[in-house]
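Enquirer: Just need the whole structure built from these sequences, with the hints factored in.
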Amino acid sequence: MIGDRMDILAPILLQFLELLMALALAPLLTGWVNQCRAWLQNRSAPPLLQPYRQLAKLFEKEVVLAHNASSLFRAAPYVIFACMALAAAIVPTLSTDLPFGPAADAIALVGIFALARVFIALAGMDVGTSFGSLGARREMLIGFLAEPALLMVFFTASLISQSTSLSTIVSTLARGEFTIYPSLAFAGIAFSMVSLAENARVPVDNPTTHLELTMIHEAMILEYSGRHLALIEWAAALKLYAYSCLGLALFFPWGIPQAAEFANLPVALAGLLFKLGIGGFLLAVIETVSAKMRIFRAPEFLGTAFMLAVLAMLVHLLLETGK
Amino acid sequence: MSSLSGSGFLSIDWLLTLIAAWLLIGCAGLLAPRQLGFVGRTLYPLGALVGLALAAVAFGALGETAEVAVLPLGLPDLPFHLRLDSLSALFLLLLGGASAGISIYAAGYLRKGEGTAPGLQCLQYHLFLASMALVLLADDAYVYMVAWESMALSSFFLVTSDHRLPEIRRAGYLYLLIAHVGAIGILLSFGVLQSGGDLSISNGVADYTFAHMRAMPHDAFWASAAFGLALFGFGAKAGLLPLHIWLPEAHPAAPSPVSAMMSGVMLKTAIYGMLRVSFDLLHHPLWWWGVLVLALGLLTALFGAVFSAVQSDMKRLLAYSSIENIGLLFVGIGLTLTFQSFGMNALAVLALTAVLYHCLNHAAFKSLLFLCTGSVLHATRERSLGKLGGLIHRMPWVAWLALLGVIAAAGLPPLNGFVSEWLLLQAFLFTPSLPHAYINMLIPVAAAAVALTAALAGFVMVKFFGIVFLGQPREEKISQAHDAGWLERLGLVWLAALCVLLGLFPVYVIEKLDFVTRSLLGVGVYPAGNNTPHGWLLLAPISADRASYEPLVFLLMIGAVITATYLIVHRYWHGRARRSAAWDCGFPLQTARMQDTAEGFSQPLRQVFEPFYRQTRELPTAFDTAPRYRVVVEDHFWYWLYLPVARAAEFGARCVSFLQQGRISIYLLYSFLTLVALLFLVRG
Amino acid sequence: MSHYYGQFINLLAAILLLLSFAMLGQRRILSLINLFMAQGAVLCVSTATVAFVTGQSHLYWSALITLLLKVILLPWILHRLIRRLNVKWDIETLINIPTTMLIGIVLVIFSFNLALPISELAGTVTRATLGIAIAAVLLAFLMMITRSKAVPQVIGFLAMENGLFFAATSATYGMPMVVELGIALDVLVGMVILGVFFFQIRERFDSLDIRHLEQLKED
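Residue numbers (the numbering used here), protein chains in the order written: chain S, 1 to 323; chain C, 324 to 1007; chain Y, 1008 to 1226.
Calculated directly from the structure, the hints in this document are not laboratory data.
Glycine is no exception: its CB is placed at the ideal position from the N, C-alpha and C atoms.
Straight line, CA to CA, 25 angstroms or less: simulated DMTMM-like cross-link-like pairs of lysine to aspartate or glutamate:
id: 1; chain 1: S; residue 1: K61; chain 2: C; residue 2: D907
id: 2; chain 1: C; residue 1: K800; chain 2: C; residue 2: D636
id: 3; chain 1: C; residue 1: K710; chain 2: C; residue 2: E572
id: 4; chain 1: S; residue 1: K292; chain 2: C; residue 2: D907
id: 5; chain 1: Y; residue 1: K1156; chain 2: Y; residue 2: D1193
id: 6; chain 1: C; residue 1: K835; chain 2: C; residue 2: E387
id: 7; chain 1: S; residue 1: K57; chain 2: C; residue 2: D907
id: 8; chain 1: C; residue 1: K835; chain 2: C; residue 2: D868
id: 9; chain 1: C; residue 1: K710; chain 2: C; residue 2: D806
id: 10; chain 1: C; residue 1: K710; chain 2: C; residue 2: D958
id: 11; chain 1: C; residue 1: K710; chain 2: C; residue 2: E941
id: 12; chain 1: Y; residue 1: K1156; chain 2: S; residue 2: E300
With the C-beta cut set under 7 angstroms, the calculated list includes, among others, these residues of chain Y facing chain S:
id: 13; residue: N1017
id: 14; residue: L1018
id: 15; residue: A1021
id: 16; residue: I1104
id: 17; residue: M1108
id: 18; residue: F1119
Expert: Here's what the structure looks like:
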C-alpha cells in the first residue's frame, strides 16, 4: 500500500522539488556567470551569493511608483515571475517523469516565454517614458525573430523524437539507441544564439549597461523598484536557468533519470550542477570574447539563428530519415 | 412558409423562423427611423436575443443528421433549397454567438447624428445578418448567390453609412467592386460544378442544387477549374492576396460594430464556402491544390502581419491583422487538402480542426478588439494611434477586456488563439510522412513562416495595446475620455468570455468540431465511440506521449504561483509603496510627446522588412523652424496590379467611346444592326 | 559498425554544410579564411574515414594532399596575401545576410532533389551526402556572387572546389590519383594567378573592390 502511494506521490514531490530547486538555484547560476566573467576579464569577482543579497535587499526596500503607473504595471512582475517559474519547472532536469509535464509541451513552453515577454514589454510602455517604450520596441523586435527560431529548434528535436512533449524528447535523445544527429549541431548553434538574445547577453544586449544606445532589457524595467524589481531580477535569473536546463536537456541529456525515484536524485543533482557549472562558464567566455553589436545587427544575428534552425529541420529530413 | 416535411418542427424550421425574426426586427426599424431609444434599446437587444437563440439551435444541430427544406420562394420552377448539416451548423453557431455580443454592443454604441438614420441602419444590419445565415443554409447555387449578393449589398450600405466623407465612399466602392468580381468567380465555379465540364446545353435543364453537384463526377481538369474559380471568388471575399486590397479600406470606414461583424463573421462565410466546395462538393483533391492554397495562405499571412505592424490607424491595424488570420486559415485548408490528396485523412483532420477552431477564435477575439476600438473612438473621437495613449486609467473596463483580446490575438497561452496555433503546428509536424520528396521539404519551411507570422502578431498586439491604453495621453483631450456604457460592456464581456472559454476547454470544443470533420473527411480527432480518451482536461490529439496541452492546469498553475508569490512577499516583507515622478534615467523634462509614436514603435520593422513596403518619407533638415517628419507606407500591390488594371480599363473604355454619339437614331442603328447580325447568325 | 561510420560521415557532411553557411554569413575576411581552413580539415577527415571504411589506400593520399594544400598551404598564402594587401576589415555584402541564407536554404532543397535520383542508384555508405556536396558548391557560388571584394571571391572559388572534391569522394569514392593531383595543381596555379591579379587590380584602382572593373567597359 505504502509503495503504491509512493508511486503516485514521488513524481509530485519531485515536481515541487524541481520548482523549489529552480527558484533556489537560479540566482546562484547568475552569480556563477558573473563570477566567471569577472575572472576572465581580470576583475576581482563579486561573491557567488551576491544575487541573493541583492534580492533580499530589494525586497526590503520601499516601492516607488511613477504617478501614472497603472495596475498592469504592478501586476506584471508577478505574472512574469510566475511564467518563468513555471517554465523552469516543466523543463526536465531531475527526472523526465513530471506530473506538470503534460500541461505544457515544447510549443506551450515557447508560449510561456512569449507571454512573459508581452507582459514585460507592456509594463515598459506603461509609465510612458521615452526609455520604456524604446526598450519595449527593441524587446519585441528581438522577440519576433527569437521566438520562431526557438520554435524551430524544438521542431527539429520533435521530428527526431516524433513528439513535442519535452519528457518524450529528452528520453528519446538520452536513452534511445546511440545515433549521431547532425541536425542537432545546427539546432544547437541556433539555440545558443537565441538564448544569448533572449537572456539579454552580450552580443545582443548587456545586462549591466544603462547606456541609452545599448540597453534593451534594462530600459524596460527602469521604473521598477523594491519588491517589483526583485521579482523581475529573479525572473531574469530563472529565465537563464530555464534556458540553460533546456539546452542541457536537448543537447546533453545524458544523466537525467527516467523514473521519479529519490534514489536517483543525488546523482542527477550532481550531474546537473556539474553541467550547469560548465554551461555558465562557457556563457561567460562567450560574453567576454564577443563585442556588443549595433542594435540593427541584432535582427541579422537572430535571422541567422532562425535560418540555421530551419536548416536543422531540413538536414534532419535529408540525412536522418533514412531511406 | 417552411416545408414541414411531416416530422414536426425541425431545427432548420427554427432557424428559418429566427432568420425571419431578424428580418422583422430590421423592418421594425423603419417604423421609427429616428427614434434612438426605440431602435437602440429595443430592436438591437432583440436582435442579440435572436442571435443567441440561433446559436443555441445550431449547437443542437451539430452532429445530427442533415435536414433539408424547400421554400416555395424565388422564380417558378426554381425553389429555394436549404440544408442544415454539421458544417452549416458550426458556422451558424459562430454567426449567432458573435452577433449576440456585437448586437448588444451596438445597442449601446448608437449615437445621434452619425451617418445613416438608426432605423435604416437597423434594417441594413439585420438584413446583413439574415443574408449571412441564409448563405450558410443554402443548398443550391441560386439561393446561395442571392444570399451572397444581399450580404455584399447590405454590408456595402453599412460600410458607407458615413457617406458624406469622400474616402468612405471610395472605400465602399472598392469593396463593392471586388465583392462583385469575386461573385462572378463563385458563379462560374458553380456553373462548372453542375455541368461537370459538359458545356452543351442539350442535356436538359441545368440542375443547380448542391446535391446534384455532389453526385456529378468531375474529371481532373474541370475539378481544377471549379476549384480555381472558387478559390478566386472566396479569396476575394476573404481578403486573400492579391485580392485583399478592399479589406484595410472598408473595415476602418465602417462603424465599429459593422467592422467587427465583417471581420469576425463575414470573412468566415468565405472560409465556409471554400470548405463547402473543396471538401463537400469536390471529392478528390489534387496535391497541387493544397500546395497552391498553402503558398497563397502563407504569403497572405506574412503580408498581413508585416503590414499590420506598421499601421498608425488602430482599425487599419486590426484590418491587416484580419488578413493575417485569413492567411493562417488558408494555410490550414491547404495543409488539409494536401494530406487528403494523399489519402491521409487521419492527419488531414488535425489541420481541418485547426482551421475550424481558428474560425471560432478569430470571430471572438477580432470582434472583441474591433468593438474596443469603437469604444475608444467614441470616447476620444480619435482613430490615429499617434494621438491616443494612457486610456487604461480612464477606460479600465475596455482596457482590461482588450487585454484579453490582445493576448488571444497574439496566440499566447492560456487563451484561445494559442490552441488553434498549437493544433496547426502539430499538423505541420506530421508532414514528413507525406510520400512526396519536394513537399516533404518545403513544408517545414512553411511551418517556420507560420511561426514567424505568429510571433509578428505578438509584436502587433503589443503595439496596439501599449500605444492605445498604456503610457501617457498624447493629446490633451484624451484625458477627458469616459469608459464604455453598460450595454457596450455587456457585449465586450460576452466576447471576452468566449475567448476565455474557447481557450480553456479545447477538449470539449474539439469533441464538437469532430462532428464537422467527420462529415467532411470521415474521421474525427477522437475515435467515434470514445470521445475523450484522455479526459476532458488533457488535450492530446494524437497520443499523450506525442503532444499534450492542458490549458486549465496551465492557468491554475500560473494563478497558484502568482497568488503564492503575492502572499509570501506581502507576508514576509511589506506592501509599502510610494508615488513619485517617473525616474527615466534622471531626465529632467518629460512630456507625453516623448513617448514612442506608432511610427516610432514599428520603425525597426520598417527597416527589417523594407522590400515589402512602398515608403515615402519626408525628413526635416537641421534648419527647419517647424520640423516635420512624415512617413507614408503603402502597398506595392496597388501600384503593381490595381493601377495598371484600372488604367487598362480606362484605356479600353476610351477606345470604344467613339461609339457614344449622343444621337438617338445612331443608338437605334446599333440595335438594328445587332438584330440583323444575330438573325443572320442563327439562320444556319 | 559501418552503420556508425555512415553516421559519422553524415555528421561531417552536416558540418561541411554548416561551414558553408557560416561562410555565407561571415563579414570578416580573416574569419572567412579560418572557416575555409576548417572546411579543409573536415574534408581531410571525411576522406580519411572513407578510405578507412572502404580500404582504398589511394584515398589516404588524397586526404594527405587535402591536409597539406587546403589546411596549411592555401590558408597560409591567403593570410600572407591579406597582410600584404592590408585588407582585413569587414566587407559589406550586396544582399543582407538573412536573405542570402534564405536563398541558400532554397539552394539546399534544390540540390537535394537534384541528388535524390543519383543517390538512390548509388550503393555507397556515403550516398546521402551527395546532396550536401552539390549544395556546398552552389553555396560557394552564391557567396562569390554576393561579395564585391576580390579576396572573398577567391575564397568562394576555393570553397567551390572543396564541394566538388567532397562530391567526388562521397559519390564515387574518389577519382583516380592522377586526376586528383592535376586538380590540386590547378587550384594552386589558379591561386597564384589570382594573387598576381589582386596586386594588378589594386595598382590600377587603389582598391580591391571589383565593382571598379565596370569602368573597364568601353562606353
